[in-house]
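**Q** Here the protein sequences line up with chains A and B, keeping their order.
Under the working numbering, the letters of the first sequence match residues 1 to 208, in that order.
Under the working numbering, the letters of the second sequence match residues 1 to 208, in that order.
Simulated from the structure, these hints should not be mistaken for lab results.
Fair warning: this is a prediction, and the values are worked out from it, not measured in the lab.
A few of these clues could be false.
Which bits of chain B does chain A cover? Going by a derived footprint, with three or more residues having C-beta under 8 Å, they are [stated by the list, open to error]:
1) 60-69
2) 82-93
3) 108-118
4) 153-163
Distance condition first, Cα-Cα at most 30 Å in a straight line; then the derived DSS-like pairs of lysine-lysine [claimed, not checked]:
5) A:Lys201 to A:Lys147
6) A:Lys193 to B:Lys24
7) B:Lys23 to A:Lys201
8) A:Lys197 to B:Lys24
9) B:Lys201 to B:Lys147
10) B:Lys23 to A:Lys147
11) B:Lys193 to B:Lys147
12) A:Lys197 to A:Lys147
For glycine and all other residues, C-beta sits at the position ideal for the given N, C-alpha and C.
Number of protein chains: 2
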Amino acid sequence: MSAGADRRGLTPDEHHRERAQRKKELVDRRIARATIDRGVVVVNTGNGKGKSSSGFGMLARSLGHGFRCGVVQFIKGSFSTGEEAFFRRFDDLVDYHVMGEGYTWETQDRARDVVAAGAAWDVAARMLADPAYDFVLLDELNIALTKQYVDLDAVLAALASRPERQHVVITGRGAPDALVDAADTVTEMRVVKHAFKAGIKAQHGIEL
Amino acid sequence: MSAGADRRGLTPDEHHRERAQRKKELVDRRIARATIDRGVVVVNTGNGKGKSSSGFGMLARSLGHGFRCGVVQFIKGSFSTGEEAFFRRFDDLVDYHVMGEGYTWETQDRARDVVAAGAAWDVAARMLADPAYDFVLLDELNIALTKQYVDLDAVLAALASRPERQHVVITGRGAPDALVDAADTVTEMRVVKHAFKAGIKAQHGIEL
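Construct the complete structure from the given sequences, taking the supplied hints into account.
**A** Structure below.
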């Protein structure tokens, strides 16, 4: 029995191999069970960081596959300058619309916010009806829904009747329950800690 | 008193404006307090979706600002093909390294995994010591740390002594507590639901 071997005569590396084999069988079985192949609705919600940036990461992934993509930003922040500068370079593949008028506490004008959100939704609804779009990112739509600037039933109907292969990613805190029910994949981004609370300014490349 | 006005004579829109003003003051005060301007360490952990894609979204943001970026993927999945295809196009700005050998249950060879993770860490450590890199993404490093393929103390020391303006994003489930302590911003991506469990295959543009 060699050094480090257990009572079955297995070395740690052999143990690792045995465990890895069992895990691989489990994963392979799960993959074999996942046979449905269609577009999905992904919702990123919660108070933590990464909801929009994850959406833009999936946009990059989609572009890597040569997909035709649509982006509608429902809230134009003083934030979100870097990704816009970047993705606007690919205007052969990405239709990029920044429609919102800033966070509601910045515009301080509900009537203007409602008009801007309605115009943004019109653009989004057109994309959701058009099979030419493989991937549609509706950034911060959840905020427009929570504030009832955009009608939830209209969004649910557009998602339900969209082209079968089309992926849709919807971001923003406070995703309505009915949207969570309608979605295929939902993630809650939970704050563990945030640099901003420790007095660190929003950073280019990270938040901006 | 006009229709819809309250006992103070305010219409709903005026109410909204008042609330928005108070919120703006609060947000402005918080922004004024955040005066520290330096590179941050961001950790995306948890079992949910969006850890890596958020990292790639911040990479896109960084490229939008013309930052010089480094990427090391510690676990090369059968996944993660779209973002590699995409970001390799920007080889003037991005050093892209895929160093891992696949998920551990796929390689089934601990010794080979340890060597691959060590080589990946060598590349990462070089980036963390080089002020030419404005943004460094260490994708799935947490898994290599949890499995003790990479030494946690070496990672903490490299983060602590990195160039002051450099941003680092570290992803992967199971972030060690000491790394969470050392980070500036930490998000837990929590699964609410996942398409895969409902039998839907991993999708290009979303997972692949």
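**Q** Quick one: see if chain A covers the segment 60-69 of chain B, three-plus residues with Cβ-Cβ under 8 Å.
**A** holds (count 7)
**Q** Holds or violated: Lys197 of chain A with Lys24 of chain B, Cα cutoff 30 Å?
**A** holds (17 Å)
**Q** Check whether three or more residues of the segment 108-118 of chain B sit with their beta carbon closer than 8 Å to a beta carbon of chain A.
**A** It holds: at least three residues are needed, and the segment 108-118 of chain B offers 4 whose Cβ sits within less than 8 Å of chain A.
**Q** Between the segment 153-163 of chain B and chain A, see if three or more residues pass the 8 Å beta-carbon test, and mark the coverage as holds or violated.
**A** Result for this restraint: violated, n = 0.
**Q** With the threshold set at 30 Å, check whether the alpha-carbon distance from Lys201 of chain B to Lys147 of chain B stays at or below it.
**A** Roughly 28 Å between the alpha carbons, so the hint for Lys201 of chain B and Lys147 of chain B holds.
**Q** Lys193 of chain A and Lys24 of chain B were given as a pair; does the straight-line alpha-carbon distance stay at or below 30 Å?
**A** Within the cut-off at roughly 23 Å; holds.
**Q** Mind checking the alpha carbons of Lys197 of chain A and Lys147 of chain A for me, to see if they're no more than 30 Å apart?
**A** holds (26 Å)
**Q** Quickly compare the C-alpha distance for Lys201 of chain A and Lys147 of chain A to 30 Å and report which way the hint goes.
**A** Distance of about 28 Å is within 30 Å: holds.
**Q** Just to be careful, I want the Cα atoms of Lys23 of chain B and Lys147 of chain A compared with a cutoff of 30 Å; is the pair within it?
**A** This hinted pair holds, its Cα atoms lying about 15 Å apart.
**Q** Between the alpha carbons of Lys193 of chain B and Lys147 of chain B, is the straight-line distance 30 Å or under?
**A** This hinted pair holds, its Cα atoms lying about 27 Å apart.
**Q** Has the segment 82-93 of chain B got at least three residues whose CB is nearer than 8 Å to a CB belonging to chain A?
**A** holds (count 6)
**Q** Assess, step by step, whether the Cα of Lys23 of chain B is no farther than 30 Å from the Cα of Lys201 of chain A, and give holds or violated.
**A** holds (19 Å)
Hint compliance for this structure: hint 4 alone is broken.
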